[in-house]
Amino acid sequence: MDRRKFLKASAGAVAGAVLASQLTSALAQGGLEGEDIANLEKGLQQTLGKSFKDLTPSQQVKLVAPTIAESGANVPVEIEASLPADQVKAIHCFCDKNANPLLFSVVLNGVLPYYATRVRVAESAPVRAVVETKDGKFLLASQAVRVTVGGCG
Amino acid sequence: MAINILVRFNPARPKAGEEVRVQIVAQHPMEPGTRRDSSGKLIPADHITEVNVTMDGQLIAQVKPGPGTSANPLFAFKMKATKAGQLKVTCKDLNGQTGERTADLTLA
Chain H
1 MDRRKFLKAS
11 AGAVAGAVLA
21 SQLTSALAQG
31 GLEGEDIANL
41 EKGLQQTLGK
51 SFKDLTPSQQ
61 VKLVAPTIAE
71 SGANVPVEIE
81 ASLPADQVKA
91 IHCFCDKNAN
101 PLLFSVVLNG
111 VLPYYATRVR
121 VAESAPVRAV
131 VETKDGKFLL
141 ASQAVRVTVG
151 GCG
Chain F
154 MAINILVRFN
164 PARPKAGEEV
174 RVQIVAQHPM
184 EPGTRRDSSG
194 KLIPADHITE
204 VNVTMDGQLI
214 AQVKPGPGTS
224 ANPLFAFKMK
234 ATKAGQLKVT
244 CKDLNGQTGE
254 RTADLTLA
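Residue numbers (this note's numbering), protein chains in the order written: chain H, 1 to 153; chain F, 154 to 261.
The set of hints was computed from the structure by calculation and includes no laboratory data.
Given the structure is predicted, the values throughout are model-derived calculations rather than measurements.
Virtual Cβ for every residue (Gly too), placed ideally from N, Cα, C.
Possibly wrong hints are sitting among the right ones.
[Said to hold, decoys possible] Reference excerpt, derived from the structure (chain F facing chain H, CB under 10 Å, subset only): (1) 160; (2) 176; (3) 213; (4) 217; (5) 219; (6) 247.
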């Protein structure tokens, strides 16, 4: 095999391998970049006493966060639930890869189901908003946030 | 040293029944306890652990920020402006420092 052919063939093989590995890792993670359910579970158990599968993903919860944040030290997060104000008990927010997965929890009493703040994200990982309703349901919304500089170190 | 808190209503003078966004900013370094200083030592954690918002003496929201909240944190809520009243924000951090601020909500 001459040099030219060899280069072409190897470049193709490498590109294919990289693509394949990215695809498989994306599938294994359920679509969101940097998912770490084991770490998230720790925080969920500690604050809510629930596991990840007890949460119901819901369209009624809107989580607004940037997909790419320049600095992980300051990521604006906005959570809004399209539910009547008297049905929402609390809003919790978690990040998969933070050393302490719980970012904050807010107990609402008489205000509209809306909360905005700025959080620290240690490394690229999904941010999850959990809305706790009065009838004991936990509604989930997730958004992957990619950070270029981590916010916790 | 007390924690300085700023409160702003948006719009500043809402009409009765209008939605008003309450923005609260606390001036605080919010050390998460995982960062290191220039000599490599861990900076001890020092962050706000509790923020209570009351309207005319009634608790309307309670925030419990963890170490994962940014420095000089913003806390924003939305509420229906039904009547004028006094909003009071109190907060507490890990070192036992407290901050307090009252703001009057007036209707247009």
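Now for the hints, and whether the structure bears them out:
Against a cut-off of 10 Å between C-beta atoms, the interface hint on residue 160 of chain F is violated, since the closest Cβ of chain H lies about 14 Å away. Taking 10 Å as the C-beta contact cut-off toward chain H, the hint placing residue 176 of chain F at the interface holds, the least distance being around 8 Å. For residue 213 of chain F, the interface hint holds, since its Cβ comes within 10 Å of a Cβ in chain H; the closest pair sits about 5 Å apart. The beta carbon of residue 217 of chain F comes within 5 Å of a beta carbon in chain H, closer than 10 Å, and the hint placing it at the interface holds.
Hint status for residue 219 of chain F relative to chain H: holds, with the closest Cβ pair at about 5 Å, below 10 Å. For residue 247 of chain F, the interface hint is violated, the least distance from its beta-carbon to any beta-carbon of chain H being 13 Å, above 10 Å.
Consistency note: the structure conflicts with the earlier hints numbered 1, 6.
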